[in-house]
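Asker: The lines below spell out each chain.
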Amino acid sequence: MGLTYDRIKEKLTEKFGGQVSNFEEPYGMLCFEVPKDMNLKVMQFLYDDDELRFRFLTTLNAIHYPDNKGRELAIVYHLHNMVDNVRLRFKIYVDITKPDVFTATRLFEAANWLERETYDFYGVNFIGHPNLVRILNVDEMDYFPMRKEYPLEDQTRKDKDDEMFGRGGSAGYGTVKTEDDTTIAESEKDNVGDKLI
Amino acid sequence: MQDVVSIKDNHIVLPDGSIEKQTTTLNLGPTHPATHGVFQNILEMDGERIVSAKQTIGYIHRAFEKIAERRPLYQITPLTDRMNYCSSPINNIGWHTTCEKLLKIQTPKRVDYLRVIIMELARISDHLICNSVVGVDAGAFTGFLYVMQYRELIYEIYESICGSRLTTNIGRIGGFERNFTNVTWEKLERFLKEYPKALKELDDLLLRNRIFMERTIGAGPISAERALNYGFTGPNLRAAGVDYDVRVHSPYCSYQDFDFKVPVGSTGDCYDRFLVRDQEMWQSMKIIEQAYQKIQDFKGEEAEVYHADVPDYYLPEKKDVYTKMESLIWHFKIIMGEIDMPVGEVYHCVEGGNGELGFYLISDGGRTPYRLHFRRPCFIYYQAYEELVKGAMLSDAVITMSSLNLIAGEMDS
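These protein sequence lines map, in sequence, to chains A and B. Going by UniProt numbering, 47 is the number at position 47 of the first sequence; the sequence numbering is gapless. Going by UniProt numbering, 274 is the number at position 274 of the second sequence; the sequence numbering is gapless.
If you're looking for bench data, these hints aren't it; they were derived computationally from the structure. Ideal Cβ placement from N, Cα and C applies to all residues, glycine included. Accuracy of the hints is not assured; some may be wrong.
A short, non-exhaustive set of chain A residues, derived as facing chain B with CB atoms under 8 Å [said to hold, decoys possible]: (1) Q19; (2) S21; (3) M29; (4) L57; (5) N61; (6) N112; (7) L136.
Working from the sequences, and respecting the hints, build out all of it.
Answerer: This is how it looks when you write it as structure tokens:
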């Protein structure tokens with residue numbers, strides 16, 4: 001076990017001064033924050049340095065904090081030094097109205113699809129990405145579905161036509177709806193006459 | 001291998017002004033039998049050589065990460081089933097151990113060993129499918145059908161623990177839903193006794209089979225540097241010669257108590273991937289045998305432990321739920337997810353069938369995750385496919401695809 005978190009902190013502070021901030025170690029993993037235009041510089045330094053050798057991109061993803069004005073979107077990078085077996089995570093925050101971030105594809109081929117995915121779901125614009133198009137969602141989609149302003153469908157909604165899913169119309173299987181929006185069993189419908197809708 | 005450009009030069013060149021292309025576009029997929037899942041590959045072919053490949057994925061995207069933001073912890077387990085459905089117990093247990101890490105739950109040793117047995121069985125069934133399908137794509141169907149009965153036996157073992165076979169939803173936060181019964185142990189003993197013979201026969205059928213070797217050696221190779229840069233993990237990375245295994249590097253579920261080897265290849269081609277998976281199955285057998293022995297050593301009360309003592313997250317016993325009011329209320333609270341989680345951010349990973357399966361869970365103290373990100377190994381390494389097949393033959397593209405063990409469910413999440 002050569003590389004310690006203290007040593008990483010020391011090296012980063014030596015190189016970038018106070019710009020790399022908020023060091024924490026929740027659940028045993030080193031985390032810190034980097035200014036949004038420095039992500040590539042920090043990653044390049046972590047990659048190139050002979051002692052640090054963070055040369056494996058484990059994953060990258062985004063998080064949306066709608067109440068965090070001016071820094072609504074966080075982009076999280078997980079890096080791994082496989083030689084010393086040390087992991088770290090760092091975050092950059094960007095404004096949701098101008099979510100421009102430098103791409104990591106020049107450093108890691110693995111970043112290509114991960115960044116496309118992040119763009120697809122959060123609309124983060126990765127500057128310099130070779131092919132920044134949607135990957136999992138349909139191409140015609142005109143919004144970014146993982147943002148918090150798009151809540152999941154209310155499971156108790158009544159206005160949906162479930163007929164295509166074998167649930168027999170909006171009132172549920174084996175039932176029908178009457179004019180005054182009450183649900184009755186299908187076998188009862190002869191009794192209410194023309195009140196059915 | 002000949003350079004693609006020079007092959008192209010030798011071809012008949014159409015006269016100037018001709019609108020015809022010199023290459024053919026071939027659409028492999030989305031539901032082509034050779035793709036083993038719903039994804040599409042648009043290949044540019046020059047004769048039978050591949051000039052370029054463009055992968056399209058996302059046909060079975062089910063928005064798991066979004067759905068997970070509305071679900072309490074237990075309701076997320078069935079979502080993880082549907083990622084790599086060839087080894088869903090690993091996903092389930094990986095998810096549960098992630099929750100345990102967030103909730104700071106320590107599991108007893110016996111639970112860890114039971115989990116190791118299940119996870120290694122899942123790894124065997126995953127590799128077994130992959131390897132026998134590589135055989136099928138090389139023209140040897142026999143092996144696939146022959147080993148299928150042992151996958152069936154593994155599924156029966158799952159069934160005796162959790163009641164289901166493919167999408168298992170096995171276990172709970174803290175351990176298992178019930179202790180392993182005698183039926184489970186009998187089936188496991190039968191598996192330990194009979195399976196090595198079958199695996200040996202699969203080895204005999206393919207390992208030194210000349211046709212198989214000529215089809216797979218040199219097909220879809222990748223160097224260790226490129227594999228790391230592409231984010232390869234699991235058997236595909238080890239086939240390229242990097243001995244990275246989450247079970248060894250960041251042990252979970254007491255994997256440090258077991259003695260096993262991490263097999264590595266050198267060229268990263270289809271044959272090496274086949275060999276690495278094959279050896280991993282033998283190693284998994286070794287691990288299961290050790291775990292079985294270790295479990296035999298627990299005596300008396302210890303031999304009845306199958307879950308950690310975490311009443312906040314572990315469902316009360318069914319007979320109490322039916323007879324006691326408190327248990328019923330508690331059961332209801334857990335099922336409806338009415339328990340707040342601690343605030344925290346945790347990344348946890350396990351060695352899945354295809355590599356490092358990671359869970360990045362962010363909790364803001366609510367009842368559901370604020371954000372949950374799955375690191376799906378398949379999704380990350382499938383990017384390298386174009387590089388792997390460029391300049392190869394069409395049949396190599398098919399065999400490369402099956403030897404990467406691409407699972408559409410895991411890729412699209």
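Asker: Return the numbers of the hints above that this structure violates; sort them in rising order.
Answerer: Structure breaks hints 1 and 2.
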